[in-house]
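> Take these sequences, add in the hints, and give me the full structure.
Protein chains in written order, with my numbering: chain A, 1 to 357; chain B, 1001 to 1382; chain C, 2001 to 2358.
Hints listed in this document are in silico derivations from the structure and should not be mistaken for laboratory results.
You may find that some hints are simply not true.
[To be verified] Below, a list of computed lysine to aspartate or glutamate pairs in the DMTMM-like style, where the Cα atoms sit at most 25 Å apart:
| hint | chain 1 | residue 1 | chain 2 | residue 2 |
| --- | --- | --- | --- | --- |
| 1 | B | K1046 | A | D306 |
| 2 | B | K1379 | C | D2112 |
| 3 | B | K1121 | B | E1072 |
| 4 | B | K1046 | A | D276 |
[As the list claims (entries may be wrong)] Beta-carbon label-pair distances, calculated as ranges:
| hint | chain 1 | residue 1 | chain 2 | residue 2 | range |
| --- | --- | --- | --- | --- | --- |
| 5 | B | G1166 | C | F2118 | 44 to 52 Å |
| 6 | C | F2205 | A | Y204 | 32 to 40 Å |
| 7 | A | R201 | C | I2331 | 36 to 44 Å |
Bear in mind the structure is a predicted one, so any value in this text is a computation, not a measurement.
Just so it is clear, CB atoms sit at the ideal spot from N, CA and C, and this is done for glycine as well.
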Amino acid sequence: MSTTPVSSAKPGASQARSKTAGRQETIWTVALAALLVVLLAYFYLAVPDFRSLGTSGVLALCEQFLFTGLIALGEAVVVLAGEIDLSTGAMSSLSGILMASLWQQGLNIWLATVLALFAAALGGALNGFLVTRFNVSSLLVTLGTQFIFGSVATAVGGNTPPYNFPRSFVTLVGTGTVGPVPDQLLVFAVVAVAAWLLVARTRYGRSLVLIGYNRAASRYSGIDVRRSLLWAFVASGLLAGMAGIFVSGYYNAARDDIGDSLLLPAITVVVLGGVDIFGGRGRMSGVILATFLLGFLTQGLLIRGDSSLTATMVTGVVLVLCLVLKVALDHRAWAQLRELLRHRVSGMGELRAGRGA
Amino acid sequence: MKQTRTFQRRLGWRVGAAAACVAMGATSAVTATPSPASAAGLATIKVAMVPKLLGLPVFEANQKGALSVVHELGISFKFTAPATASAEGQVSIFNSLIAQHYNVITLSADDPTVPVPVLQKAMKAGIQVISYDSDVAQSARDFFIQDTAYNTIAQGVIDAAVKFAGPNADVAIMSSTPDATIQLAWIGAMKSYIAARYPHLKIVTIGYGQSNQATSLSQAEGIIHSYPNVKAILPIDGAAVVGTAQAVAALHESGKIGVFGIGDPLPNQKYFADGSMQGLFLWNEVGQGKLTMLMARLAYEGAHGAPECTAKTPPAHPSPSQWCGIRTNYGRAQYFNGAAVGLPGTYSIAAKANKVSGATRNTVIFSKPLEFTRSNYKKYDF
Amino acid sequence: MTALSAPSAPSAPLRAGETGSGAKRSGPVLLGMLRRRELQLVLAILALGALSSALHPSFLASGNVSFILADSVSTMVVAVGQTIVVLGRGIDLSVSPVLGIAAIGVGFPAQDHNLSIFLALLIVLVIGMALGAGNGFLVAVVGIPPIIATLATLTIYGGLQFIFTGGQEVVNIPNAYGNLGNANMLPGVPWLIVVGAAVVAVVWFWLRRTVTGRSIYAVGNNADAAFRAGAPVRRILFLTYVVSGLLAGLGGLIYLCHVGSADATTGSDTNVNLMSIAAALIGGTTLLGGRGGPVGSALGAVFLSEALQAMIASRVPPIWEPAGVGALIVIAVITDRGATPARLLARRPFREPSHGPQ
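Dropping the structure here:
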């Protein structure tokens, strides 16, 4: 590919990447933070019912969207590497159901949780194995495993899935608080920081981003692409499983389809967080901010008295506007557009090769 | 009804043009919040009605009934629900209703257990919680309005099917999903009635239409092909009724395979007319909406110091000073009159559970089922 | 029936500006692979039919066969539209609400005012094209990745569908619709399957025999090369979404005729998005673009419908039906010879060599 007419990155992929893409990522992250502040200020000033919640009430709203955030963190790891995992929602349902059923069989609930998380990681590994072993698009594989995980969850859960878990469990992963801060928020903070460190500060994280950015180059620079991808799917499965445990704790009940509705919001969060859906660009900090931005937007609209239908549609409109803005604000907008035309894919993990040759 | 249809039709024509100018005008069409009008001497209270999902005609009929009485009951009313039947969606809505300081929440639960923590939080905040149509765990609500006694409606369906197909026939049931609470209860009641009364009637399979007409249609056609001896199909969910009747009509089995189910007659007029539908059972959905609002008022009064409704012959039209209140109690039965919202007769709140009817504690059974047949289906508009 | 040739109409104005050199080279090779998958599917359909009827003699009753065919047509038509988008390396996640909006958009006038079926056809095509153009605008003009753009319109169109129904349901359509949806043209040959076959034939002709159609393959294969060869890439991409919307709209009318009712959840409740993608995948169209075609997708839809009925006949508990669909997708994907190592290991093999020296 020697005659690329419009080239957005220069040879020596990774250094060039960090310069140009890095600045855009910073701008995007700062913009998200500013938007979050504006949004909270608006709700606080203009919606009396929101104001009357107080600090602890506003913090408690987080309990309703942090599981989406957990899934988004795992999804972001996979998307950064240029793949996608559509089975995360079903995996959440499955892990919640597994935990609950094992507990119902008489197992200690924490042991059941560990086993369910292990199963979730295993499910992620299955996705990773299929994708890397057969070299097929993760979009297709996880589209298929999504159905399979869902059916298994239904079968394991039976007609009356277990509920009413031990108090200690419900408190820690569900509705407990430390002062005004929900336990869930604390756990999420730990996981989010870990995910951020993983991507931004470890060799593995940087190799994942490079795989997403330019798979061929990463292969030549000695990265074991298959193994790295496999672990990315394990991380995604594990975090989806963790979300399933949180959901079950929060609702104090397990259900075979409880995680299904989390998939699309999680992908929305990833994209809004500034992660390029084709991989190789984006930051965990953006994803974390987007979790709160979308979460507070939805909850705030509901408290303002809007219907959940409106809240969902506003989410869609915000997503479109943000992406339009992203394209418009890019000072190399036209170059980008041409490039998008070349790299327009829905099969994820498209090679970003050829830019520099 | 007719007016709404015309309005919808006009909108329907404009789909393409409207696509561009999305969200803004949209909201009011979905959640109807009529302005409160304080009736004589009554403090206005905020009551929310949260069905399983938006856009289902039976729930819209409930809303219609509720809207017709909220003015005289001094209720500021809001109808809101998730866009899909999602228990998690309902939880988000309940949380927002708590934040908006509603006085009473009425709901038809998508799941009996998932909303338990949030509804308990609501009760702790002094909100009265009343479930109707589909119950939640008893610890998470004050009262439940049961549509009809499970045994009565099950008997109605089975008796009608036996009359058509004989007591030794093979029949199949079409349900919604394997874990749907109320359908499970009906199937249980049908099975025990068959065991006691028609031991040779055989239920050969239970199909699941996933609460949508297209899947119900495929499932019902599959049953007709795979079980050639089936003489009657019993669909017990709104979508399953339509799908089953359509399957029977499409395969030219009208009149040969009987269809007896639980559902509303309006969507099935065509099938009654062409003979592919024989009988349906349901309660009056509009009246149920009225009763739900009346109970919301009484529950609020009961929690705010009004004397308990224990008189066995309650006054038909209590003046504001005479309003009694209902409370959750496990000792005495309570009674109130439906005349205040135009419903005939006295309603009783069961003090204890009744295994046969399916009633649990603090439950009101709304009515006996109505039977819709080829001769009377035209009289109903729900 | 004449109006069914509509899918090809939009191509006419674009033909002029078309050089079309991109498609020719890859054409025959692609078709070779295509035929293999189609053949596999035909064999699979026959084998499954034989197996099921051996176990359950009533399975092959003529009524059941024509029902399986008729039941698949709505998914089939949408899957053909999805295939066109996928061939151009896109994806359309908004076909569910487009189908739903089309179904209610003509359902209410048909129910209340006895709207003629030809007018209804015109309306669903216009609705579908308008909503599809929304997707095409976001993807081809603004430049938002397809999966995200159509994810967003999925929520927006889905909301519109709710608003347009206002909680009402279409339940009472005129007999003309029901006859088209369920009656046979000849004994054992439902009208719907004739409609489905006509759509597949028209789209096949369009994709194979017209310059615009073939350039979709070229764009999906390598948009950059197609661009440099003079293909109006953006216009072609825009067009794929318009046609996908149009066929989803047609699918809505077919759904209405076949099922006889429609409401606020029509389309999303049967998961038309996933089923149309699944049918395309099973039919041998890869999401990497440029390979596959409408015939495979149509067979994929028939196979899905047949597998579902076979599972019912074999008394498979309904909870395992989704797993069956999922397993079919995974099997279809990993056994797709054309999509394995040579093509997919590097994803873009023709670019790989130039990196060797680095």
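> Hint by hint, note whether the structure agrees.
Hint by hint, here is what the structure shows:
1. B:K1046 / A:D306: With a Cα-Cα distance of about 16 Å, the restraint between B:K1046 and A:D306 holds, given a limit of 25 Å.
2. B:K1379 / C:D2112: Holds, because 18 Å separates the two Cα atoms, which is no more than 25 Å.
3. B:K1121 / B:E1072: 29 Å, violated
4. B:K1046 / A:D276: 46 Å, violated
5. B:G1166 / C:F2118: 44 to 52 Å: Cβ of B:G1166 to Cβ of C:F2118: about 46 Å, so the range 44 to 52 Å holds.
6. C:F2205 / A:Y204: 32 to 40 Å: The hint (32 to 40 Å, Cβ to Cβ) is violated, given that C:F2205 and A:Y204 are roughly 51 Å apart.
7. A:R201 / C:I2331: 36 to 44 Å: Because 40 Å falls inside the window, the suggested range holds.
Hint check: violations occur at hints 3, 4, 6; the rest are consistent with the structure.
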